[in-house]
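Asker: Chains as they are written, first to last, in full-length UniProt numbering: chain A, 1 to 386; chain B, 1 to 386; chain C, 1 to 386; chain D, 1 to 386.
No lab work stands behind these hints, which were simulated from the structure alone. Each residue gets a CB set at the ideal place from its N, CA and C atoms; glycine is no exception. Errors might be hidden in some of the hints.
As the list claims (entries may be wrong) - Beyond 12 Å from chain C on every Cβ pair, some chain D residues (computed):
1) Arg38
2) Tyr44
3) Ala160
4) Ala182
5) Thr243
6) Arg271
7) Glu295
8) Glu303
9) Pro305
10) Arg311
11) Gly330
12) Val332
13) Glu336
Stated by the list, open to error - Derived pair list, reagent style DSS-like, types lysine-lysine, alpha-carbon separation capped at 25 Å:
14) B/Lys283 <-> B/Lys156
15) D/Lys378 <-> B/Lys378
16) C/Lys11 <-> C/Lys156
17) D/Lys378 <-> D/Lys192
18) C/Lys378 <-> A/Lys378
19) A/Lys156 <-> A/Lys11
4 protein chains.
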Amino acid sequence: MTEQQTSNEGKRPELGVAMVGHAFMGAVHSQAWRSVARFFDVPYRPRMVVLGGRDAGRAAQAAERMGWEEASTDWREIVERDDVDLVDICTPGDSHAEIAIAALEAGKHVLCEKPLANTVEEAERMVAAAERARERGVYSMVAFNYRRVPALALAKRLVAEGRLGELRHVRAVYLQDWLADADTPMTWRLRKEQAGSGALGDIGAHIIDAAQFVTGQTITGVSGLTETFVRQRPSDGGMENVTVDDCAMFLGRFSDGAVGSFEATRYALGRKNAMRLEVNGSKGSLAFDFESMNELWFHDGEEAPETGGFRRIVVTEPTHPYVGAWWPPGHVLGYEHTFTHEIADLLTAIGTGEQVEPSFADGLRVQRVLEAVENSAKNGSVYRQV
Amino acid sequence: MTEQQTSNEGKRPELGVAMVGHAFMGAVHSQAWRSVARFFDVPYRPRMVVLGGRDAGRAAQAAERMGWEEASTDWREIVERDDVDLVDICTPGDSHAEIAIAALEAGKHVLCEKPLANTVEEAERMVAAAERARERGVYSMVAFNYRRVPALALAKRLVAEGRLGELRHVRAVYLQDWLADADTPMTWRLRKEQAGSGALGDIGAHIIDAAQFVTGQTITGVSGLTETFVRQRPSDGGMENVTVDDCAMFLGRFSDGAVGSFEATRYALGRKNAMRLEVNGSKGSLAFDFESMNELWFHDGEEAPETGGFRRIVVTEPTHPYVGAWWPPGHVLGYEHTFTHEIADLLTAIGTGEQVEPSFADGLRVQRVLEAVENSAKNGSVYRQV
Amino acid sequence: MTEQQTSNEGKRPELGVAMVGHAFMGAVHSQAWRSVARFFDVPYRPRMVVLGGRDAGRAAQAAERMGWEEASTDWREIVERDDVDLVDICTPGDSHAEIAIAALEAGKHVLCEKPLANTVEEAERMVAAAERARERGVYSMVAFNYRRVPALALAKRLVAEGRLGELRHVRAVYLQDWLADADTPMTWRLRKEQAGSGALGDIGAHIIDAAQFVTGQTITGVSGLTETFVRQRPSDGGMENVTVDDCAMFLGRFSDGAVGSFEATRYALGRKNAMRLEVNGSKGSLAFDFESMNELWFHDGEEAPETGGFRRIVVTEPTHPYVGAWWPPGHVLGYEHTFTHEIADLLTAIGTGEQVEPSFADGLRVQRVLEAVENSAKNGSVYRQV
Amino acid sequence: MTEQQTSNEGKRPELGVAMVGHAFMGAVHSQAWRSVARFFDVPYRPRMVVLGGRDAGRAAQAAERMGWEEASTDWREIVERDDVDLVDICTPGDSHAEIAIAALEAGKHVLCEKPLANTVEEAERMVAAAERARERGVYSMVAFNYRRVPALALAKRLVAEGRLGELRHVRAVYLQDWLADADTPMTWRLRKEQAGSGALGDIGAHIIDAAQFVTGQTITGVSGLTETFVRQRPSDGGMENVTVDDCAMFLGRFSDGAVGSFEATRYALGRKNAMRLEVNGSKGSLAFDFESMNELWFHDGEEAPETGGFRRIVVTEPTHPYVGAWWPPGHVLGYEHTFTHEIADLLTAIGTGEQVEPSFADGLRVQRVLEAVENSAKNGSVYRQV
């Protein structure tokens, strides 16, 4: 914590925040809202006004535990409240569009969990609402939190500085294993109407966004292949059909000539949260694995071959993105910090009147890739422009 | 977060906390005090009453930022306040004894940063005070936070369950590099009168405690060797003598027959916070490096040689110590979480009226090892009983 | 070396060997021919009769250095010699069919470097010749040496024993970087007429064969995408067109339900010979990287989650495939040993009158996959049955 | 293999080699003698004249298998033969002095396995003999083969070039586990009269030599601690006392100011051949583990902190020591290659009339350290000058 960072203590205006949804994402976001102004010199001090949830009792209990002043079961009421300036949407994807558009139209800034929506059509309406709102100084962000892993923010910086030269290869996988057991019961994440898609939208969306973020290029076309390994899961004493993909893989091309391969699965036994990204360029290469989130591997092709090799950068130096706000070198950060960084950037952008990234337009871009992958997979993997 | 964990929301009594010191340790402890009741089902809800610091302006600013209700420049006043139930000591080692004893005598629970004191004599007085207080239901803890790294708590569990068999080898190093540059200026950590010792007490204390914790054995004798590589450092325009060790190494024996080697240094260029521990037993082996704090490497000697090998356990499963309170598997934790775990255990122990570990007696045990190492090093490395 | 292994010393008949080609592959094969009977209890003692090469002077020099009795510039003469029992073909792919078929028809056993041929048509003719020869007790083998990496042979064993359960995912990449520099000059490996294809046939063939070998399944269909990053290379003072792929990627399905992704490239800056394979099943997972060729990573899903994790098996135990013939545990093997293992298996199979794997039919199976990938890549990545 | 390397094929004179001992070391040395002239442009072509062993039948069988022209049970006769120019001693340490001195006096070059001898007194007599012989153009070498691991030769080069600056820390361990099981039977390596010492001389000698080699400094004093965990082992139906150390640890100082810690054990369960070395200097750091023998980890302190980190150098580039003679980058080498390198250097030095390192004097230097460690360990670990 530097003097500069503490300079405007006490003068910061409050920003009223409402959050809808209080499961896993709600818990993480809450920790970030509680912490952000303790470590970052953001222009607002967030006030955690109200938490929305479907069940009154559970919402009240969650509000108490997570530090929200009150609870509500009516998101429509929440987004209209005068003491709310920002709405943070942590619900499943099928309600994102409705809540986000209502909030933006009510003049509230919006932070929306990913994927932005369950369909391209929904995402397009959200982008339109976001653009209208933006003209009125109301901003929005989609919560691709992996952009705020310090190692990935550093990766982007190195690419942007030209340290990798011309990019040729992207290799991105997101491997989990919580569905590997065929007896694991049904969840909403396996129903198409709620989740939109399976591994593709849940975790594939993250690596699509991360690859576009780090490379600074967009994916222009894809050839996809999906599979559902376990077609039925136990549910309420019976069996229920799984209506989404269990894994999704695709090959693709990027706007400046790189090619890439992608895979998202929740059946990679032994991999807990292996969100991995590799990039090879004409001058350098990068590798990352979220299970070791404080490390970035960088190969500088300009080194003499005699001493060249992938360096394990422990991304905890004060000069690394976001890290200066926290602890000394080697005192590693965790998953939740990525959300604190995300909210710090969002508050800063609101304060300066700028649109922060990833915007809803970035979210739509990911949505289009998801749709192209599904289309390709349904059509013999034939290549589809995004 | 489970239902069980949220069951007594709203009924928990407050516990008034005061903290003295607001540098690095103060910032980490504050985050832990703010977070603990959000994630752990502790019997008290901590109220962050007052922050002590030497400079009124800086203390006030820190209190504001870190979430303390008010600030004070008088630790004696703080420890007497009626609304304070617990005093958290985050100052350099030379003031630990005085503050801790005063607080304990005033009936306040005490959490004290490590090393417990700068000398064995001070530590002994602190233990005596702690034991007197304990009879009155007042508890104390020394903040060897590495015991609450989930991977090290798991390591201890595996040893205690007999998975390693009879222990033979301990290898413990704590490697940092922030003094590797001879031009880095003088700090209080390099003055014997303030810091007690150099790398030995600062980081060596951690690996001594961790080795005793994980093995469940005590170090019974040591042979030490210390060195000061850079004898003078820039200070206020001139040069000041460094009066502590730059590195400390020792060999030792444990109470049940294991032998060990230890090294603490702040000159291991490229190592940021490599607190490493290896243990070999007759039935299994363990290895840990804090730079990858979410991993424990375990070799089970009972496996067939054909498939035997060190396993990289990603210590983020719900069954792993402390982890169930946080995120799903693979969503890694960071340095600060160890303090939250520490405080959770402390609050729980206060609630149930038990003495938590590491106690001041544990701190004294470490202090005796530190003293024996220094004595041995001054006397031709000759073996010293602890 | 065990007593058993040395039991028939001195009684072993000679087997006359001829080798055609003396570049990289010729040097490795020669070392294997010189070493095999020193370490393995093979039924023949190879006699290194004659080395074939196009230039008389260079062939003679190579023969002297590599330990062949004489040299020849006429492979047709070589394959007819009475003192030659086996022909080892180490030339580029465009001459494999002609030499192998002639040798088989002359009654010589054949070891042929990979890929088996440059086209499916050639490979089919070679298989036909091999089958005819086999009826006469003449055997053939294609040199997919990675099957004889002890770690990959162990991987296959674990899969075959059911330790992985039902297979779901294969991830295979072969990453090199010797073409990453656009100024690297033209070589025969970049000319379609000599090499057949680029990275696809050169190194992609290895991972196709290895994936089929380890899984025990065949690839039934693919969707491919290829790219040539550097279209012209310096050659004889001018520039010459590169007529092969620089990288090849494909997605595919296996005969028993697994899905896989594959990538072969020589532009992955910083990766020297990263032939990597990952397999995930319902009960276990494996990971391998040739740059650490003595290690196999195995996750046993039957372990309790508390102590589960990928194990680093150092594949140097006497019970590991091929390893007992060499050194004690931890005394690692290198690249060349895979060829010694291959030849040991070939000699043993000849001795017992069995067809060894990989056979020419296995080579043809790989060739069909290569062709399907190229076809798919040329046709908008549309899925092709193999 | 370059043109230069093959230039004097056919003109090289023979050098008659005799080897005494044909167990593990004999098998490795034989492979090196067979291979050296195939890959290195050495001035002699070794002729493997005679193999010495105690049992006529087993020696003859070993000679046949390992490629020696004949066998003998009389080492005294061997070292006198006119057709023998060099004697390679692969026996246990208790016979090194007698054989080596006789061979040197007979005018034969000598390659002697490590440790040079079982006592300092023997080593001194060997050095005297070696120095007398040297005046007559007869050379000798002690077989610390780890100096010829390409990664460690590169490490030495980097230190010598000043890339590490002033050295501060050395950390060296040699961890094996083949004695971890208390039921493993007695062997000659556990008898003081044959082996001299236990882990100390067997594997500790290697890390002492390697540390002195890489740093270019000598160890000037030590404080030692040894332990025997299992005091009796099964032997011929009864139990026999183990008369050597099971593990040896020591702290030490180097001639130019570095400090170091050392540990040798054969009880580190799960570690197969973990010969590890770490060096930290004021400008850079190195780390090595023989279990990954083709990798050297190098941290260059001159890098910007933002991109600094330990680099994994895959030591298989043509510019790396010894590697150019073998395969392309990434096609890794194994344990046995270190012996081929050793013999290549020995032959080259004989050809040019220079004394090669490590000389017998280097072996004596190690022996003095071993003795000082034992002395210190027997005397309460008190520091001993070497």
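Asker: May I ask which of the numbered hints given earlier this structure violates, with the numbers listed in increasing order?
Answerer: Of the numbered hints given earlier, those the structure breaks are 1, 6, 7, 10, 11, 12, 13, 16 and 19, listed in rising order.
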